[in-house]
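Undergrad: The listed protein sequences correspond, in order, to chains A and B.
Position 30 of the first sequence, counting from 1, maps to 30 under the UniProt record's numbering, and the rest follow consecutively.
Position 58 of the second sequence, counting from 1, maps to 58 under the UniProt record's numbering, and the rest follow consecutively.
You may find that some hints are simply not true.
Which copy? The list can't say, so a pair holds if one copy fits it or any two copies do.
What the hints assert, rightly or not - Straight-line distance between alpha carbons at most 20 Å, and here's what the computed EDC-like set of lysine to aspartate or glutamate pairs gives:
#, residue 1, residue 2
1, 9, 26
2, 16, 36
3, 53, 6
4, 9, 36
5, 89, 101
6, 50, 114
Hint data in this document are derived by calculation from the structure and do not stem from the laboratory.
The lines below spell out each chain.
There are 2 protein chains.
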Amino acid sequence: MISTDEFTKDPSRVFKAGETVFREGDEGYVMYVVLDGSVKLSVTGRSVEKVGKGGVFGEMALIDKSPRSATAMAATDCTLVSVTSERFKSLVQETPGFALEIMSIMAARLRSMDRRI
Amino acid sequence: MISTDEFTKDPSRVFKAGETVFREGDEGYVMYVVLDGSVKLSVTGRSVEKVGKGGVFGEMALIDKSPRSATAMAATDCTLVSVTSERFKSLVQETPGFALEIMSIMAARLRSMDRRI
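This is chain A alone, in the form it adopts within the complex:
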């Protein structure tokens, strides 16, 4: 979980429960930080994670510039901040704690995936 205080001045958008944020295979240009509410991630129709306040998702498209690996849908009404690639890189460079937090979130996802093998 990251501190949402860092992102209160970034552009945010409200998604209604059930609204799709992005779909597996889409081109991805931003990462999302959940300011409020929660988002469900699924891969090939199977739910893999629920991301709540302070959680992030969509970071992989920024890191390796590949299409979205999961579908993200608002599980409740939610407020999401979008973080561009430039902003992401400056956060990684200027806020080492941010890099470690993102790695920690990715490690948790990998462990959760390992349990599914």
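Fit chain B to the known structure of chain A by using the hints.
TA: Same frame as chain A, but now just chain B:
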């Protein structure tokens, strides 16, 4: 893949083909960089990845301090550098490119896992 030049002065060790570097469930205190040769990672007996020169593995134990999520075995005779948690944190803080490389390696692993779901 990371530049191995950064690690030529770190302590390294040669593992013989077939030798176990660590086992799933072990406590983990270091990450490994492959200087030479290759290492096979497996989860619950299933091979998930082969890591060659310039590759890293074992980084998750440094990030979230949990037990090893995979077993690592030398696929060929190989030379591995061990990177402690302190060294890892200083690399993340002082070499932003390093943080992005580690994230990129983790993103590739997550995508590979997604394909197995």
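Undergrad: Decide, hint by hint, whether the structure agrees.
TA: Structure-based check of all given hints:
In this assembly of identical chains, the alpha carbons of residue 9 and residue 26 never lie at most 20 Å apart, being 27 Å within a copy and 43 Å across copies at closest. In this homomeric assembly, residue 16 and residue 36 come within 20 Å of each other (Cα to Cα) only inside a single copy, at 12 Å, whereas the closest approach across copies is 51 Å. Taking the shortest alpha-carbon separations for residue 53 and residue 6, only the intra-copy value of 13 Å comes in at or below 20 Å, while the best inter-copy value is 38 Å. Taking the closest pair of Cα atoms, residue 9 and residue 36 come within 20 Å of each other only inside a single copy of the chain (15 Å); across copies the shortest separation is 47 Å, beyond that limit.
Proximity of residue 89 and residue 101 under a CA criterion of 20 Å is satisfied in both settings, with 14 Å inside one chain copy and 12 Å between copies. Taking the shortest alpha-carbon separations for residue 50 and residue 114, both the intra-copy value of 17 Å and the inter-copy value of 16 Å come in at or below 20 Å.
Violated hint: 1 only; the structure is consistent with all others.
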